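K.L.:
Protein chains in written order, with my numbering: chain A, 1 to 161; chain B, 1 to 192.
Simulated from the structure, these hints should not be mistaken for lab results.
Only a predicted model underlies this, so the values are computations on that prediction, with no experimental measurement involved.
Accuracy of the hints is not assured; some may be wrong.
[Claimed, not checked] 27 Å max Cα-Cα, derived DSS-like pairs, lysine-lysine:
(1) A:K112 - B:K122
(2) A:K10 - A:K45
(3) B:K149 - A:K112
(4) B:K20 - A:K45
(5) B:K6 - A:K112
(6) B:K43 - A:K112
(7) B:K122 - B:K139
(8) A:K10 - B:K139
(9) B:K131 - A:K100
(10) A:K100 - A:K112
(11) A:K45 - A:K100
(12) A:K45 - A:K114
(13) B:K6 - A:K114
(14) B:K20 - B:K43
(15) B:K131 - A:K112
(16) B:K149 - A:K10
(17) A:K64 - B:K139
(18) A:K64 - B:K149
(19) A:K112 - B:K20
(20) A:K100 - A:K64
(21) A:K114 - B:K131
(22) B:K6 - B:K149
[To be verified] Here are some of the chain A residues that sit facing chain B, going by a computed Cβ distance under 7 Å:
(23) L33
(24) S77
(25) K114
(26) D131
(27) V135
(28) S138
(29) V150
(30) M157
(31) V160
Even glycine gets a Cβ: it sits at the ideal position worked out from N, Cα and C.
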Amino acid sequence: MDIFQTVVAKASGITADSALASVFSARADLMELTENSHEASLRPKSPGGLSHAERAGLACRMAKLNNDSALVTHYESLFGDGSQSLADTSFDGGSDARLKAIIRHTDLITTKPKEAAAGDVLALQSVGMNDPDIVRLSQLIAFLSYQIRVVHSLRLMAEVA
Amino acid sequence: MSEILKEFTTVVPFWEPRVKPAVLAEATPEQLEAMRVTVSDTKIGNYTLVLALDPETLQQRTPLFNGIMFHHGGLSRAETEFGAVAASVVNECIYCAAVHANRYNQLTKDESVMDLIFADRKDANLDDRQKSMLNFSTKLSQSPPEADKADVERMVENGLGLDEIFDLTLSTSIFAWANRLMHILGEPHPQP
Numbered sequence: 001m002d003i004f005q006t007v008v009a010k011a012s013g014i015t016a017d018s019a020l021a022s023v024f025s026a027r028a029d030l031m032e033l034t035e036n037s038h039e040a041s042l043r044p045k046s047p048g049g050l051s052h053a054e055r056a057g058l059a060c061r062m063a064k065l066n067n068d069s070a071l072v073t074h075y076e077s078l079f080g081d082g083s084q085s086l087a088d089t090s091f092d093g094g095s096d097a098r099l100k101a102i103i104r105h106t107d108l109i110t111t112k113p114k115e116a117a118a119g120d121v122l123a124l125q126s127v128g129m130n131d132p133d134i135v136r137l138s139q140l141i142a143f144l145s146y147q148i149r150v151v152h153s154l155r156l157m158a159e160v161a
Numbered sequence: 001m002s003e004i005l006k007e008f009t010t011v012v013p014f015w016e017p018r019v020k021p022a023v024l025a026e027a028t029p030e031q032l033e034a035m036r037v038t039v040s041d042t043k044i045g046n047y048t049l050v051l052a053l054d055p056e057t058l059q060q061r062t063p064l065f066n067g068i069m070f071h072h073g074g075l076s077r078a079e080t081e082f083g084a085v086a087a088s089v090v091n092e093c094i095y096c097a098a099v100h101a102n103r104y105n106q107l108t109k110d111e112s113v114m115d116l117i118f119a120d121r122k123d124a125n126l127d128d129r130q131k132s133m134l135n136f137s138t139k140l141s142q143s144p145p146e147a148d149k150a151d152v153e154r155m156v157e158n159g160l161g162l163d164e165i166f167d168l169t170l171s172t173s174i175f176a177w178a179n180r181l182m183h184i185l186g187e188p189h190p191q192p
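All chains should be modelled from the sequences, with the hints used to inform the complete structure.
P.N.:
Here it is in structure tokens:
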């Protein structure tokens, strides 16, 4: 894998010519696993009850909630049917109870994870999500939360390098 | 069931899942591979069994997590744990904070740093190097992240190399991830 072609490298602007290239390359194994985690979270072989298009829409929404325009653009490139509405931060799911619960959960855990309580998992179960899909959604939210911060910090480090 | 723990502690709590974990005896080959266990292995924790409900992400996450926390070179093992604790304090993940404060204390044989962070959080009165790290990790853990260039420069001025700052970034960020699993999919209780 060319680590300078990964989502994290491209979103943070790190190239093989960057002053930060050697620091970035020293953790090449971790950047490869980060890219593999992106694939497993966004385009899994077994997506369960959370489609690739829904994942791309939610990922874009989380990038917007964190004001990361480069990642917003990246996730827009993965859009499929239904992604657009999920990525619209003014959309709350409307009359679709399942989408409404997924969006509420995604927004809460992305921005205020410390406020999570037992009722938040129950709310997903009560709209018919099974436990494997609740874990899939949790991993998607958690991966984005990781990726957004790695990209944010690499941009700052590049300014200092 | 006992009360959910709400206060920071260095005593590792019992983690009670809110979803039904995979059953080891019924695990698929993909789940077993992701958990890196054999069916004869009986000491698999509930946390791993919960994450095995989505084996594709677990398969990648486990080596990434271990690689970040147990890397060679760069930031010391103890200061890597420091980043994990700083994120867990922001996100109030009592379980993660306990596990990693405990490891920090074991590695450094000094409980004062974690005591100060648990008491005063971002305002903990640490030495200048650790203050600059706590400031950065705390700001990076906000949503949206609030760390800026000056926060990175402050760490450089206090002797951190960019390689160490990258490692601190990774340990802080992997706990943006871990906290959003542990604190959501289950809850901490006192050990029975």
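K.L.:
Decide, hint by hint, whether the structure agrees.
P.N.:
Results for each hint:
1. A:K112 - B:K122: Distance ~17 Å between K112 of chain A and K122 of chain B Cα, so the pair holds.
2. A:K10 - A:K45: holds (24 Å)
3. B:K149 - A:K112: holds (24 Å)
4. B:K20 - A:K45: holds (23 Å)
5. B:K6 - A:K112: holds (16 Å)
6. B:K43 - A:K112: Violated. K43 of chain B to K112 of chain A sits at ~33 Å, over the 27 Å cutoff.
7. B:K122 - B:K139: holds (9 Å)
8. A:K10 - B:K139: Measuring from Cα to Cα gives roughly 23 Å; hence the hint holds.
9. B:K131 - A:K100: Violated - the C-alpha atoms of K100 of chain A and K131 of chain B are around 41 Å apart, more than 27 Å.
10. A:K100 - A:K112: Holds, at about 17 Å.
11. A:K45 - A:K100: Since the Cα atoms of K45 of chain A and K100 of chain A sit roughly 25 Å apart, the hinted pair holds (cutoff 27 Å).
12. A:K45 - A:K114: violated (31 Å)
13. B:K6 - A:K114: holds (11 Å)
14. B:K20 - B:K43: Distance ~17 Å between K20 of chain B and K43 of chain B Cα, so the pair holds.
15. B:K131 - A:K112: holds (24 Å)
16. B:K149 - A:K10: holds (19 Å)
17. A:K64 - B:K139: holds (18 Å)
18. A:K64 - B:K149: holds (21 Å)
19. A:K112 - B:K20: Holds. K112 of chain A to K20 of chain B sits at ~24 Å (cutoff 27 Å).
20. A:K100 - A:K64: Holds, because 18 Å separates the two Cα atoms, which is no more than 27 Å.
21. A:K114 - B:K131: Holds - the C-alpha atoms of K131 of chain B and K114 of chain A are around 23 Å apart, at most 27 Å.
22. B:K6 - B:K149: violated (34 Å)
23. L33: holds (4 Å)
24. S77: With a closest approach of 21 Å, the S77 of chain A hint is violated.
25. K114: Since chain B brings a Cβ to about 4 Å from K114 of chain A, closer than 7 Å, the hint holds.
26. D131: holds (4 Å)
27. V135: holds (4 Å)
28. S138: holds (6 Å)
29. V150: holds (5 Å)
30. M157: holds (6 Å)
31. V160: Given a least distance of 5 Å, the restraint on V160 of chain A holds.
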